[in-house]
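*Asks:* Listed below, chain by chain, are the residues.
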Amino acid sequence: MEQQDIASIQEDIVGEFSMFDDWMQRYEYMIELGKSLPKIEDQYKTDDHLIKGCQSKVWVHAELQDGKLVFTADSDAIITKGIIGILIRAFSHQKPADIIAAKTDFIDEIGLKEHLSPTRANGLVSMIKQLKLYAVAYETQLES
Amino acid sequence: METTAFDVSKIRNDFPILSREVNGQPLLYLDNAATSQTPQQVIDAIVDYYSRYNANIHRGVHTLSQEATDAYEKARVKIQKHFNAAKPYEIIMTSGTTHGINLVAQGFTAFLAEGDDIWVSAMEHHSNIVPWQMLCERTGARLRVIPMDQKGELQLQPFLDGLSPKTKLVFCNHVSNALGTVNPIKAIIEVAHGVGAAVLIDGAQAAPHIAADLQALDVDFYTVSAHKLCGPTGVGALYGKEEWLEKLPPYQGGGEMIETVSFEKTTYAGLPHKFEAGTPNICGGIAFGAALDYLNGIGMEKIAAYEKELLEYATAALERIPGMQIYGQAREKTSVISFNLEGIHPYDVGTLLDKMGIAVRTGHHCAQPIMDFYGIPGTVRASFSFYNTFQEADRLAAGVEKARMMLS
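Chain order of the listed sequences is A and B.
Going by our numbering, 66 is the number at position 64 of the first sequence; the sequence numbering is gapless.
Going by our numbering, 248 is the number at position 219 of the second sequence; the sequence numbering is gapless.
A couple of the hints might just be wrong.
Said to hold, decoys possible - In silico DSS-like links for lysine-lysine, alpha-carbon gap of 25 Å or less:
(1) B:Lys-276 with B:Lys-110
(2) A:Lys-47 with A:Lys-37
(3) A:Lys-134 with A:Lys-47
(4) A:Lys-115 with B:Lys-431
(5) B:Lys-116 with B:Lys-103
(6) B:Lys-431 with A:Lys-37
(7) A:Lys-59 with A:Lys-115
(8) A:Lys-59 with B:Lys-431
(9) B:Lys-276 with B:Lys-116
Calculated from the structure, these hints are not laboratory results.
If we strip away everything but chain A, and leave its shape as in the complex, we get (with noise of 0.2 Å):
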């Protein structure tokens, strides 16, 4: 199967989303999605893979398969498993630079807007940026 590009999955996910009507039907799908995050392996678990600027510990890794871009990760809360599941869902087996050029608006459209402040202690922002980093660093290698 053709895997989608991020702006239509981006698009599904705005879909799912639409269907709930008040916020705890958003957060209990985000629960949701926490529990089906493609987990990280136990030995990634470290210090070097945290993200910084969450309240909760949310560990991130990133390898290359087949010139795609595969994330895992965990967290100790699960709201913000959820987050970065959907981050993960909209980014994952996706080219670095695909990943790089790629808008994140559709945060805002699924009712997550009050977690893209870039002071709100869960690091909604941080994570994308780590994402992107990891892109960036991969798209790095794929060039030289």
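With chain A held as given, fit chain B onto it using these hints.
*Replies:* Okay, now just chain B, sitting in the frame of chain A:
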């Protein structure tokens, strides 16, 4: 159930912020240990200052400067009286508790030598640990810790055993910010004085609940922040005994703190100005005074009695929730409930409560050693003030239960 002696609905009318909504729900503000809300009377004092007599103090001969100086110095006296200090100039106006602690820690550099002991309690805020660690690095003194037990009470025996003429300083909070424990500071001050050590008490968390009697405590230094006392942020007070304040060197150089200046020699101003370099937070100081007037208008004893009932009621309501673990169950505590739900991260609980319009604090509360002691990443902390109600305690318990259902 409401107590008859305490008309909380009337009090709530004084706080404009309590009528706002958060996430479509009426705000339920339970982060009072981080900062308290501001009554209209204090807001009016701030508006009045900027509307009528905003001027720099202590220097001007003009009317506005004189009025501002009078109001600012009156505020100092209000603070002195509230905490029963012997003299107004023993009250140093600061930017807050942290500033007061750093002022003393910096000043003690000259009085310590290698091998001296400094004691801190195991339940200090980072702001009452880090300045002392820095002081130890500068002087070679040793930082020692008064341990705590599972209930969140200090264990004094190791401290009593460790006291010696080498003990120069002891630091402890009056009330723990993370657990609400009221510490036995009177006993600590007495035994520390027995070996000639000075004692600094961090009163930031105690001041909203207890008006400490500084002369009766015989404490050497006591420090508070206005913003936990219905006053504005960025202003506080450090009490120091006159003899100590005379001995301590100035903390910062600048205007206000000098008597005469030439390039050869500067002589310092007397107390309290020696420690008040630069233009202070004039409006903040005046508003601090207005906040104390407001609290005393209600009565600190009434406030404490009401908050105690509220604490007991809220604790019982939360304890009915399955998997509830409350940290800090000291015999004497203020209206702070630090808790976790079994198997659930405090951040998740706090996030869902916020969606319900309930403001609590989550995390380590700047007291990582306490979290390490319990082996947890943090807690959810609900801290009640006298303007909170029994209905709000029920609403918190219902919110926590809803969060538990969603997260388990």
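*Asks:* Evaluate each hint against the coordinates.
*Replies:* Each hint, compared with the structure:
1. For the given pair, Lys-276 of chain B sits about 24 Å from Lys-110 of chain B by alpha-carbon distance, which is consistent with the 25 Å threshold.
2. For a cut-off of 25 Å, the pair hint linking Lys-47 of chain A to Lys-37 of chain A stands: about 17 Å separates their Cα positions.
3. The suggested pairing of Lys-134 of chain A with Lys-47 of chain A holds, with an alpha-carbon distance near 19 Å, which does not exceed 25 Å.
4. Between Lys-115 of chain A and Lys-431 of chain B the alpha-carbon distance is near 23 Å, which keeps this suggested pair within the 25 Å criterion.
5. For the suggested pair Lys-116 of chain B and Lys-103 of chain B, the alpha carbons sit about 13 Å apart, so the restraint of at most 25 Å is met.
6. Of the pairs offered as hints, the one joining Lys-431 of chain B and Lys-37 of chain A holds, with about 19 Å between alpha carbons and a cut-off of 25 Å not exceeded.
7. For the suggested pair Lys-59 of chain A and Lys-115 of chain A, the alpha carbons sit about 21 Å apart, so the restraint of at most 25 Å is met.
8. The hinted pair formed by Lys-59 of chain A and Lys-431 of chain B meets the criterion: a straight-line CA distance of about 24 Å does not exceed 25 Å.
9. Restraint check for Lys-276 of chain B and Lys-116 of chain B: satisfied, since their Cα atoms lie roughly 16 Å apart, inside the 25 Å limit.
Comparing the model with each numbered hint stated earlier shows that all of them hold.
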